[in-house]
Amino acid sequence: MADWNPNNRACTTTWTTLRVLDQTDKPFKKSGTITMDKLTYWNAAATPAMRKLQATTIATQMDNFFREVRGAKYEKGVAQQSAVEDSVETLTDAEKTISDLAGVCDDNYLFWGEDING
Amino acid sequence: MDSFAAVFLALVFLLFIVQEKALCQESDVSLDSLESMLPLPPGLSLLEETLAGILEDPETLNKVLDTYLRSDYGWKVLKELHLQFKTFHADSATALGFGYSFQKDISTRYFTKNTVDRIGQSISVSATGNVAFRRMINPQDFLNADVSVHIFGSHGGVVKVTDEVKDKLNALEDELVLIEDQETLNASPVWKEFFGIVQKNMTTQTYWDIAAVGALESDQSFRTKQYVYGLDAGLDVKAWNRNTVLASVNVFDWPFAAIRWLSGYDNEFIPRGSTIPTLLLGIKQVAPVSGDPRSLVGDGSNYARLNVEVSFKTPISSDAHFAANFRYFKELGASQGVKAANLDEQVFFTSALTLSNGLFASYSTGRLPFDARDDQIYELGFQFSF
Numbered sequence: 001m002a003d004w005n006p007n008n009r010a011c012t013t014t015w016t017t018l019r020v021l022d023q024t025d026k027p028f029k030k031s032g033t034i035t036m037d038k039l040t041y042w043n044a045a046a047t048p049a050m051r052k053l054q055a056t057t058i059a060t061q062m063d064n065f066f067r068e069v070r071g072a073k074y075e076k077g078v079a080q081q082s083a084v085e086d087s088v089e090t091l092t093d094a095e096k097t098i099s100d101l102a103g104v105c106d107d108n109y110l111f112w113g114e115d116i117n118g
Numbered sequence: 001m002d003s004f005a006a007v008f009l010a011l012v013f014l015l016f017i018v019q020e021k022a023l024c025q026e027s028d029v030s031l032d033s034l035e036s037m038l039p040l041p042p043g044l045s046l047l048e049e050t051l052a053g054i055l056e057d058p059e060t061l062n063k064v065l066d067t068y069l070r071s072d073y074g075w076k077v078l079k080e081l082h083l084q085f086k087t088f089h090a091d092s093a094t095a096l097g098f099g100y101s102f103q104k105d106i107s108t109r110y111f112t113k114n115t116v117d118r119i120g121q122s123i124s125v126s127a128t129g130n131v132a133f134r135r136m137i138n139p140q141d142f143l144n145a146d147v148s149v150h151i152f153g154s155h156g157g158v159v160k161v162t163d164e165v166k167d168k169l170n171a172l173e174d175e176l177v178l179i180e181d182q183e184t185l186n187a188s189p190v191w192k193e194f195f196g197i198v199q200k201n202m203t204t205q206t207y208w209d210i211a212a213v214g215a216l217e218s219d220q221s222f223r224t225k226q227y228v229y230g231l232d233a234g235l236d237v238k239a240w241n242r243n244t245v246l247a248s249v250n251v252f253d254w255p256f257a258a259i260r261w262l263s264g265y266d267n268e269f270i271p272r273g274s275t276i277p278t279l280l281l282g283i284k285q286v287a288p289v290s291g292d293p294r295s296l297v298g299d300g301s302n303y304a305r306l307n308v309e310v311s312f313k314t315p316i317s318s319d320a321h322f323a324a325n326f327r328y329f330k331e332l333g334a335s336q337g338v339k340a341a342n343l344d345e346q347v348f349f350t351s352a353l354t355l356s357n358g359l360f361a362s363y364s365t366g367r368l369p370f371d372a373r374d375d376q377i378y379e380l381g382f383q384f385s386f
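Here the protein sequences come in this chain order: A and B. By the numbering used here, the letter at position 93 of the first sequence is numbered 93, and the numbering carries on one by one without gaps. By the numbering used here, the letter at position 245 of the second sequence is numbered 245, and the numbering carries on one by one without gaps.
This is chain A alone, in the form it adopts within the complex:
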């Protein structure tokens, strides 16, 4: 689990992205521990094929939003498909948290304003 920190741009951008995608409406401080099965896209009655389809849509839109609207770039050595695939893997695990998802995004994206040497 990533350190759920308001000074970590991966955490804050993951949170606002999920908020504008209607996946959660909780404030930042209460969002880190929210599990994937509490997000709007997660339907407990859906088949794994359906859930993967929905999670891939969300992961793809997160990738679009991070790069085109929030100015993120891929970390060195990270390819688009692996970044999305890592997000899908987290999004399809009921017990993973938004903080976990932010950790995965932190590993794969260099967010706008992040110190490259930091």
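Heads up, none of these hints are tricks.
Lysine-lysine pairs mimicking DSS-like chemistry, simulated, CA-CA at most 27 Å apart: (1) B:K200 <-> A:K26; (2) B:K168 <-> B:K200; (3) A:K76 <-> B:K168; (4) B:K113 <-> A:K73; (5) A:K76 <-> B:K166; (6) B:K160 <-> A:K73; (7) B:K160 <-> A:K76.
Rather than coming from a laboratory, the hints here were simulated on the basis of the structure. Just so it is clear, the structure is predicted and the values come from calculations on it, not from any experiment.
Since the structure of chain A is already known, use the hints to place chain B on it.
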């Protein structure tokens, strides 16, 4: 390959448990009869009853599983395998069992590079099912394991913004993270400005997936099983911008948009384009191997089957969601005997109200392909993540 070997061993172990349980039932060996053969002192019997109660609690078993499958015990290779012990209810009887799901992409690659519109290809394996330790009390006795090759694409979703806008959004975000009260956050001019900028730069996203699929379907005892192969097509359209026509005509969300508006959660009647239902369609050839109920009416032949699944979930308030899932199976060109026996069509529908604290109430009706009759299942429960 280590993870596949571990998953295989885990599945073999689980099947062994189920098989052993079935053998116990078939030979009328029960815990009660064993206890009568091995009488225990009164104090020990009470202890045994207490321990049995704890050990048969799905939450206890889930906690043990969580410890060994998700912590650093060297079993993390099983992380794609999700097991959940649960209690099944049917016709006022209950039984302990578990649900499992496994999903793994073996390889994924894109034909495009770092673009919003993208096309790619992947190979996946997955398995899902419910196993009850008393087979007769399994309202969803349908196991599926498949391998699939996918071609997929995503189109639209966002519009590129300028660097000034990126700076502005970062500055607004820095203020938003400090607001700790939800109502204050929703009413905040900072949030409204952030959301307004973002909405202008969000468009409708269309995600599609076409897959060639080979699967084994069975009941939990494997007495009934069949091979299935064919094509699946998935479509997920999301109108992320609430001001689009597509978002406003999401009729599935209209009743819930009305509830959100009347309860004051939303300031106006706003159907959400982010909750447009997702559709999965399949056309498959089914090759029954054993236990095909159609053979009882004189038709054990292979047949073509149409599958449909529709999934929908939307918020009702900050702490409540409504979810629905519809599954439909239809044998194409079914014989008169199969139709007369009502075996050519299966419909299964589930709806649920879930709260963010884990409470849920659900209602399911209909049947899956191996179910002998329609069931109606009501569940009221509590979901807990360890």
